[in-house]
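Asks: Just remember that the numbering used here sits 207 ahead of the position in the sequence shown, which is counted from 1.
Everything labelled a hint here was simulated from the structure, so no lab data went into it. You may find that some hints are simply not true.
Computed cross-link-like contacts, DSS-like style, restricted to lysine-lysine with a CA-CA straight-line distance of at most 25 Å [as the list claims (entries may be wrong)]: (1) K371 <-> K443; (2) K475 <-> K258; (3) K557 <-> K371; (4) K557 <-> K594; (5) K371 <-> K525; (6) K475 <-> K451; (7) K525 <-> K281; (8) K258 <-> K594; (9) K451 <-> K525.
Listed next, with one range per pair, are the computed distances between beta-carbon atoms [as the list claims (entries may be wrong)]: (10) D240 <-> D442: 52 to 62 Å; (11) P349 <-> L663: 47 to 57 Å; (12) S398 <-> H252: 16 to 26 Å; (13) R315 <-> N634: 31 to 41 Å; (14) D259 <-> D357: 36 to 46 Å; (15) L663 <-> P573: 41 to 51 Å; (16) T253 <-> P349: 25 to 35 Å; (17) D350 <-> R654: 25 to 35 Å; (18) D240 <-> A323: 18 to 28 Å; (19) R397 <-> E422: 35 to 45 Å; (20) I576 <-> N348: 47 to 57 Å; (21) G479 <-> G556: 30 to 40 Å.
Every residue, glycine too, gets a C-beta built ideally from N, C-alpha and C.
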Amino acid sequence: MSSETTRSYRFPEGFLWGAATAAYQIEGSSMADGAGESIWDRFSHTPGNMKDGDTGDVACDHYNRWREDIELMKRLNLQAYRFSVSWSRVIPEGRGAINAKGLDFYDRLVDGLLEAGIEPLATLYHWDLPAALDDRGGWLNPDIADWFADYGQVLFETFKGRVKTWGTINEPWVIVDGGYLHGALAPGHRSAFEAVIAGHNVLRAHGAAVKRFREVGEGRIGIVLNIEPKYPASDKPEDEAARKRAEAQMNRWFLDPLMGRGYPEELKDVYGEAWREFPREDFELIAEPTDWMGLNWYTRAVPENAPDAWPVRARPVKQVQHAHTETGWEVYPPAFTDTLVWLSEQTGGKLPLMVTENGSAWYDPPHAIEGRIHDPMRVHYLQTHLKAMHDAIGKGVPLRGYMAWSLLDNLEWSLGYSKRFGITHVNFATQERTIKDSGLLYAEVIRSHGEVLDTL
């Protein structure tokens, strides 16, 4: 008998397995049935903003094919489905009158999920602000905290008892860095002054929604952050300083105030004259206690000091010894373990965490070949990252679930349909769905509660 013992990757009982999407990326029909225009409708229809001129007008046609997609979830053995609600579909002007037909779409979706034995995890906001609110200043208007809480209340009351896990805002940093600092995402602004204000109002809106949920809602509520760990490019003091600036600007800008620690000191250095002080009572609102926190994780960065890289003065150094995805992101699973441990420490060690997105973009053909999509790089990414996640649980991280990104190939924002993240392939010409090899593996992981990883 061999003295070596086989490593077991069985996950704890009750661990929740699912997949994630976002409304504008998959639904299509964005202006159907009385829906209002969103900032992504505007941004995607503005020439020069989107690769190949792509838009979300059709996307994956999930608005019409949601029943088919629930059947797909069942084939993948999903226990949960994380989706976002389109604010402008439910409240076309962002405030005021409710669009009954838009709300009914999510009503039917939630009922369909529950009938299929799949737990719905709903996100209030995944980047698609109603254009009518953008006309009032959007995230630059301090009143948006109340607008957001009012919108949340509509959903909290509508789905009370049916949706038990809520997320307020998906990736505040991307909303602000992409939408207000660098202009690569809607609404396409480029201003450090605006970014500082928008970031603060996003956090205030989160806090206001949590408070409103405590008054009228039922279940659990949290927020979803994207964390990209920073490893210094060398042991030079200037590279370590660059690492600290990059970590503060991307990871701690939103995490620290949520945990009641205020903003990192490094942000004053990063933003200079654009930085400003905010009232103490704002930070009390921002730090409203939540029931869980979501982590979206894809890669790490290895920054070096770069005085010409505005505004952080840090630039990532490509690690050529490792594979990189179609989006140029390094594949380095140990950093996933490190990040989960770090996030648990930063949140006090007891706050339940969930991986709300994790995935990778690789080349896939535009259509299935003999009924199959072979995606060995995504298969490898999935199995190594699930093992890395299991290692984090072994280190005491209170991790409660994993949502693969994404259920479907979809609109990768301003990159259009050029990057495929799905565990299910979508032929965008015909809307045919084909579960990829990575999806077949994931279905087996769920069925075996992770034990299939023992042999991989």
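Asks: Find the hints from earlier in the document that the structure breaks and name them by number, from lowest to highest.
Replies: 1, 2, 5, 7, 8, 13, 15 and 17
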